[in-house]
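J.: Line by line, the protein sequences give chains A and B. Counting from 1, one number per residue, gives the positions in the first sequence under my numbering. Counting from 1, one number per residue, gives the positions in the second sequence under my numbering.
One thing to keep in mind: the hints can contain errors.
Said to hold, decoys possible - Pair ranges (Cβ atoms, derived):
1. Ile208(B) - Arg239(A): 24 to 34 Å
2. Leu64(B) - Arg239(A): 26 to 36 Å
3. Ile75(B) - Asn216(A): 25 to 35 Å
4. Ala243(A) - Leu64(B): 24 to 34 Å
5. Ala243(A) - Tyr27(B): 47 to 57 Å
6. Arg177(B) - Trp194(A): 40 to 50 Å
7. Gly296(B) - Arg239(A): 29 to 39 Å
Stated by the list, open to error - To give an idea of the interface, some chain B residues facing chain A are shown, with a C-beta separation under 10 Å as derived from the structure:
8. Arg57
9. Leu68
10. Ala112
11. Ala113
12. Leu212
13. Ala216
14. Ser229
15. Asp237
16. Ser238
Please keep in mind that the hints were generated in silico from the structure rather than gathered at the bench. Here a beta-carbon is modelled for each residue, glycine too, at the ideal position from N, C-alpha and C.
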Amino acid sequence: MLASLCFARGPRMISPTIVRLGALSIFGRWRGALLFVLPLVLLGLSVLVRFLVGEDETGARNTLYGLGMVVIVPLIALLATSGLLAPEIDDGSISYLLAKPISRYTIIVSKLLVAAGCVLVFGAVPMLAAGLILLPGTPALGVGFAVGSLVGGLAYCAVFALLSVLTRHAVVIGLIYLLIWEGLLGGLLSGVRWLSVTRWSAELVDRIAGLSLVDNLSLPYAVIASGTVIVAGTWLTGRRLRAFNLTGDE
Amino acid sequence: MSSPSDAPGDTRSRPAGVIHDLGYRPYGGPRLGEGPVAWSLFVTGLRHTYGLGRSGRSKVLPMLLLGLMLLPALILVGVLVQARNLLGLDDQIVAYSTYPLTTQLLISVFVAAQAPALISRDLRFRTITLYLARPMRRAVYVLVRLASLTVATFVLVASPLLLMYVGGVLADLPLVRETGRFLGGLVGAALLAACLAGLAALVSALTIRRGLAVTAVIVVLLVSYTVVSTIQGIALDSGHETVGEVAGLFSPYTLVNGVQVFLFDSPEATPTPPTTDPMGVVYVVACLVIVLGSIGGLLARYRRVSP
Numbered sequence: 001m002l003a004s005l006c007f008a009r010g011p012r013m014i015s016p017t018i019v020r021l022g023a024l025s026i027f028g029r030w031r032g033a034l035l036f037v038l039p040l041v042l043l044g045l046s047v048l049v050r051f052l053v054g055e056d057e058t059g060a061r062n063t064l065y066g067l068g069m070v071v072i073v074p075l076i077a078l079l080a081t082s083g084l085l086a087p088e089i090d091d092g093s094i095s096y097l098l099a100k101p102i103s104r105y106t107i108i109v110s111k112l113l114v115a116a117g118c119v120l121v122f123g124a125v126p127m128l129a130a131g132l133i134l135l136p137g138t139p140a141l142g143v144g145f146a147v148g149s150l151v152g153g154l155a156y157c158a159v160f161a162l163l164s165v166l167t168r169h170a171v172v173i174g175l176i177y178l179l180i181w182e183g184l185l186g187g188l189l190s191g192v193r194w195l196s197v198t199r200w201s202a203e204l205v206d207r208i209a210g211l212s213l214v215d216n217l218s219l220p221y222a223v224i225a226s227g228t229v230i231v232a233g234t235w236l237t238g239r240r241l242r243a244f245n246l247t248g249d250e
Numbered sequence: 001m002s003s004p005s006d007a008p009g010d011t012r013s014r015p016a017g018v019i020h021d022l023g024y025r026p027y028g029g030p031r032l033g034e035g036p037v038a039w040s041l042f043v044t045g046l047r048h049t050y051g052l053g054r055s056g057r058s059k060v061l062p063m064l065l066l067g068l069m070l071l072p073a074l075i076l077v078g079v080l081v082q083a084r085n086l087l088g089l090d091d092q093i094v095a096y097s098t099y100p101l102t103t104q105l106l107i108s109v110f111v112a113a114q115a116p117a118l119i120s121r122d123l124r125f126r127t128i129t130l131y132l133a134r135p136m137r138r139a140v141y142v143l144v145r146l147a148s149l150t151v152a153t154f155v156l157v158a159s160p161l162l163l164m165y166v167g168g169v170l171a172d173l174p175l176v177r178e179t180g181r182f183l184g185g186l187v188g189a190a191l192l193a194a195c196l197a198g199l200a201a202l203v204s205a206l207t208i209r210r211g212l213a214v215t216a217v218i219v220v221l222l223v224s225y226t227v228v229s230t231i232q233g234i235a236l237d238s239g240h241e242t243v244g245e246v247a248g249l250f251s252p253y254t255l256v257n258g259v260q261v262f263l264f265d266s267p268e269a270t271p272t273p274p275t276t277d278p279m280g281v282v283y284v285v286a287c288l289v290i291v292l293g294s295i296g297g298l299l300a301r302y303r304r305v306s307p
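For reference, chain B alone in the conformation it holds in the complex (with noise of 0.2 Å):
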């Protein structure tokens, strides 16, 4: 009984395709379920934003970028520990909530550059498919790639306060009072890495072009922190500080540190930090509007994505 259904030398009636089980079987195990492709697509894009398991061409930016970052703290602390007692420092040299305004740029050129490497690529080329092919629904992707980013900004912005944070302890300063303010820097590097990622993350699944992404995103960051600190100065020597406070509301870097100095009395960088409760009060809920903004804007943008 060679052939299951006829007779042999029936050659004529048989069917001329058969599909033959050649006793492969399929994987019948436990799959993973959405969590763990969370989970690694979260720390993919991590670490793809500084360029591990990438290309040595993109680990260049990142890393650059970092090393810049880090510079400045290092000299702060070194001068800090040398000179110490010659200068009679009791203090950092530069607050924690100051480092990230002074740093903009480099910040906003490392957002401006691998938001697009995180967002656009997925759509432009279409990979997208294959991501929503997987047991993950739409909204876990983007609050996924969005965290990614949120991080890889957090980790840039944090490390130089992490930084002097120890080079300061170690000098000596008094230690609880240095956690009290450094733990305060942090939350605001929190803040400022989930505005800046939650905009630039909006930008560039907006503009999908190549090269495009990068450009509008350092138009947002950069023009609009431009605009708002030329307001600040002028509303400061005018004597229109009102006007000031509010310009702050527009830009995350003067935001976020409106709602350190509000939060923390951390020493104002800008010209013109919010003085009253109200206005403090508005500085706040304007950075979770940035933020829950931005994420209801993606929300809405990967709704019309068509797998």
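For reference, chain A alone in the conformation it holds in the complex (with noise of 0.2 Å):
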């Protein structure tokens, strides 16, 4: 259904070739070994948390909320955008993609699938089983985190990749942005939660597993908030690539 509609007729959404060199940019040369080494870090927590107090709401929701969302999920979309765009733009490479007759919303549609790619594969898929491991009791909260995390991941991702087209620090920014402004402040300051994609997908979270992890957001703002920042990121990045001069700063 989905593959029909992207490879419809009219100019297509995605291209197969971006894709797969995409893909091939993040795990080429032990790139793509920080990306595996998340995972299993909080599946490796999850085994030991369970071992150490068995089946306990509190030590699993600290696990997947603390380790998993507020840390490995952002990481992991930081990983894979800036592997996606950063490093063509850095050696110019960039300027022979932009020459084929490719729409250039079509070239960050493309690689942001990779990019989704690695956030179902690397942060969801890890999420749900974490979840299992740590309550194999109650599913909901596994499913839970597995569908915050990848709501969230592709909102870390838009904004990423709107950052690597603007800025040549785009992960030294992207990095400060996620410690400081989503880890730091969010943690002591509840109005950062009306800005904050970490805090969004906690809500999905919140209504699915039925915890509470952020109080007095609303449903509907978390969802619209993130679908906002997905589209309108990619939005942004492939128009900011219409016109990109690839001189850059520096």
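Once you've looked at the hints, go ahead and assemble the two chains, each given alone in its own frame, into the complex.
T.: Now the structure itself:
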């Protein structure tokens, strides 16, 4: 259904070649090793916590939220997205891609599809597995965290893609945004929840799994805000790429 | 006698190219050896980590982080001075050994941003060949780079402690007791700087691609700390303190805090600090293993670099 939609007649939204090359640039030459390490850490910690405290909801919540959603899912999105766009812009080889008669939006959507695949495989699926390891009795927890991390991860991918076409220091700026805004201030000031991707996806988890990770945030707002970030980030990235200046800063 | 070799007029047998000695003289004075070269590289590296002698753009991040590190210390000193009698304070509000743990995020960002700037760029742009062409051995280059990063991190960690110490002494806290605690905090800061700089330098020497090294260092420091603090919290709640003590070995921040608790009886900042003497010794040994191991790893990595 989705495939037939994507490969319908008219201008194609997804180019299989760009998807293939994007996957190669993420996983070529040991670059993807970090992507494998992060889910393994999450699963290892889940096994240890389960072994220490048994089936305990507080322990499960601390592990899945504090490590999984706040740290690992955003880092997966950052690693995947920065491996897709930044190296090509860095060495200038993106000019060969931009010279092809392919819509810039198709390029971005294809590249983000690879990033979304990474978020699904290395973020959402390990979260589901970790949820099932920690609380096998309540699969809703694992499902909730899997859905939440998929949506949050997609929004992060869109944000980081936009950052990497705006500046050459996308990784450092993205990390500072993650650590200071989402991590430090998001934990201290509750007003940050209105402008925080992690808090929005936490609200999704709350509704599916019946937890209370964030207070006073409505589900429609969280869904609409996440969707807006995903769509607007992708669109703005493509728009920026339409008039892309290769010299960049520095 | 204009020409030294041939008779005048015999132009055909003359050699086509002649190297003329125009009288320029090579430098014949004393040349500085390995020591001054290493010292100059150390000072340059140290200045560059704070953006001194670089563009204004690269001063922003380190100076901002230094300011953010000093800000809580300044507020704490202000509260201590203003409300000492009101609140009956006879102590620093936050202990010297706890402060780096509270601000670990800022320290991690600093190390992750500056280690690749010192280490990775020389390898990626092959500037390393120019350094190795000077009278400085490879091992010295590695140690000097590591020393620059360590001292820069130490300055970042220790300057808020100095501010708190000076403020505390001026607010009439007991001088001898404060000095002892402050010196213990400085030793902890030096150990932490050495561990963090060693790990970050090793990671950024292994991943030389732009941006990836920054992420890799952050992943190593941040994920290890989050995992360790989660394990420690759960271990304390469930009564498995030994598991938490062992887990504390795997993050530089909890490790160095444990060493300070063991050596200087500092107030603990982690849920499960080392409680027994053997565990304390294990903490100290682990600290040394991290520092020496990362130096060894770096030396092994640079042995493969072709000049």
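J.: Now tell me if each hint is right for this structure.
T.: Quick rundown of the hints versus the structure:
| no. | hint | in the structure |
| --- | --- | --- |
| 1 | Ile208(B) - Arg239(A): 24 to 34 Å | holds (33 Å) |
| 2 | Leu64(B) - Arg239(A): 26 to 36 Å | holds (30 Å) |
| 3 | Ile75(B) - Asn216(A): 25 to 35 Å | holds (29 Å) |
| 4 | Ala243(A) - Leu64(B): 24 to 34 Å | holds (31 Å) |
| 5 | Ala243(A) - Tyr27(B): 47 to 57 Å | holds (53 Å) |
| 6 | Arg177(B) - Trp194(A): 40 to 50 Å | holds (47 Å) |
| 7 | Gly296(B) - Arg239(A): 29 to 39 Å | violated (50 Å) |
| 8 | Arg57 | holds (8 Å) |
| 9 | Leu68 | holds (9 Å) |
| 10 | Ala112 | holds (7 Å) |
| 11 | Ala113 | holds (6 Å) |
| 12 | Leu212 | holds (7 Å) |
| 13 | Ala216 | holds (6 Å) |
| 14 | Ser229 | holds (8 Å) |
| 15 | Asp237 | holds (7 Å) |
| 16 | Ser238 | holds (4 Å) |
Of the numbered hints listed earlier, the single one contradicted by the structure is hint 7.
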